[in-house]
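Enquirer: Sequence:
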Amino acid sequence: MLIKPNHLLVESIKVVELDAAKGSVLYGFYKVPPLDVIVEWSETHKITLPASTHKEWIFYLNEASQINISYSVYSLSPSSLILVIAEGNVGLAKWLEDPSYPNTVLSWNKIHGSGSIQKDISESSTYYIAVGNLNAEFVEVHLNIGIKAFLYNMTEPYYKCALAEGQCTFPMYFLGENAAVLMSPGRMPGWISGDWYVKLSYRPRWLTYLVGAGGMTLLLLLISYILKHFQRNEEDTQSGDTESERNPLLSHKDDNISSLGSSYASVSDDEEHAEDAQAGNLQSGKQVKDEESSRRLCAICFDAPRDCFFLPCGHCVACFGCATRIVETYGACPICRRQTKKVRKIYTV
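Residues 1 to 349, numbered by the UniProt record's numbering, are exactly what the sequence shown covers, in order.
The calculated lysine to any residue pairs, modelled on SDA-like cross-linking and capped at a C-alpha distance of 20 Å, are:
#1 LYS94 x PHE59
#2 LYS160 x ASN178
#3 LYS4 x GLU156
#4 LYS46 x TYR74
#5 LYS46 x GLU140
#6 LYS345 x CYS316
#7 LYS55 x LEU96
#8 LYS31 x THR155
#9 LYS14 x PHE174
#10 LYS345 x ARG296
#11 LYS119 x PHE59
#12 LYS14 x TYR30
#13 LYS345 x GLY314
#14 LYS160 x VAL181
#15 LYS46 x SER116
#16 LYS55 x ILE145
#17 LYS345 x ASP303
#18 LYS119 x TRP57
#19 LYS341 x ASP307
#20 LYS14 x MET1
#21 LYS46 x LYS110
#22 LYS110 x THR48
#23 LYS345 x ARG325
#24 LYS55 x ALA130
#25 LYS46 x SER70
#26 LYS119 x LEU106
#27 LYS342 x CYS313
#28 LYS94 x ILE58
#29 LYS46 x PHE59
#30 LYS160 x SER184
#31 LYS110 x HIS142
#32 LYS55 x THR44
#33 LYS46 x ILE58
#34 LYS160 x ARG203
#35 LYS55 x LEU134
Quick list of the computed label-pair ranges, beta carbon to beta carbon:
#36 HIS315 x SER224: 27 to 35 Å
#37 LEU8 x ASN68: 38 to 46 Å
#38 MET154 x LEU9: 23 to 31 Å
#39 LEU175 x LYS110: 50 to 58 Å
#40 ASN144 x LEU2: 26 to 34 Å
No lab work stands behind these hints, which were simulated from the structure alone.
Predicted model, so just to flag it, every value in this text is computed and none were measured.
Glycine included, C-beta positions come from ideal geometry on N, C-alpha and C.
Put together the whole structure using the sequences plus the hints.
Expert: Here it is in structure tokens:
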């Protein structure tokens, strides 16, 4: 069995034999060895299946291997059996759930009398050969299972460890292509069971996980920075729009004040030249008084007094009606451009 995990994620392989039988060996190679050794063997089984029972045999076969099965069915009445080849435990379990359904296994055949079946293996895996009796009587069957298996060439390993000596640990190169092959003893006459059980575990390469976690953290921080940058640009754009809406109001206020001054200037020009000094003094006093009065008027409409202030900044520049419209429309103070939550009215007694 070829063992070739991801070199970036796995640092070493550990194999421990679980059952009492010994003989499995772990080999290590600098690269995957060629799959060019052909081994052939056959098994003969004579069994009698009771009603609604099955019998199975398990094999691990590499790709390009071949299974040849010849059979003879014997029964008192013309009865047929189900002969299947299933891949892995999942395939066998699906067939056992519904033995009469043919699409759950690699090969499904209804057999009676004598005949043969051949199946080519396209993927290295565990395969089950099973025969089931769906009849209501005992049925006898003789099976001759011939296996033509392709094995890995084990002539040039740089690492060899027998599991009988204890656990075997095979290190994986970080940037190499080394691979391990686990070999079990071949089937021999007189063996009761050909099943071998081992515990296979991997030691993770923590450096890869740390680098991956660090890279993911940096990526999240970069995404957070970009989102905050776009949000800040959007807020600056909104503030610029508020400023563009506010500038005409201030300009209008300055025009009113300047026009007010020019009107008083025109009146002063109509006074007699002999009273220029006295008229100038009166005009200056009145202009100062009007400017003080305009500072108390709403900077938006210049009609109502400034009787409210914005929260939380506290600026008082408009009447309650204009301030309410500013909050509902722009949501920012026209003086400091801070986001405003509400407008609070000033009551005079």
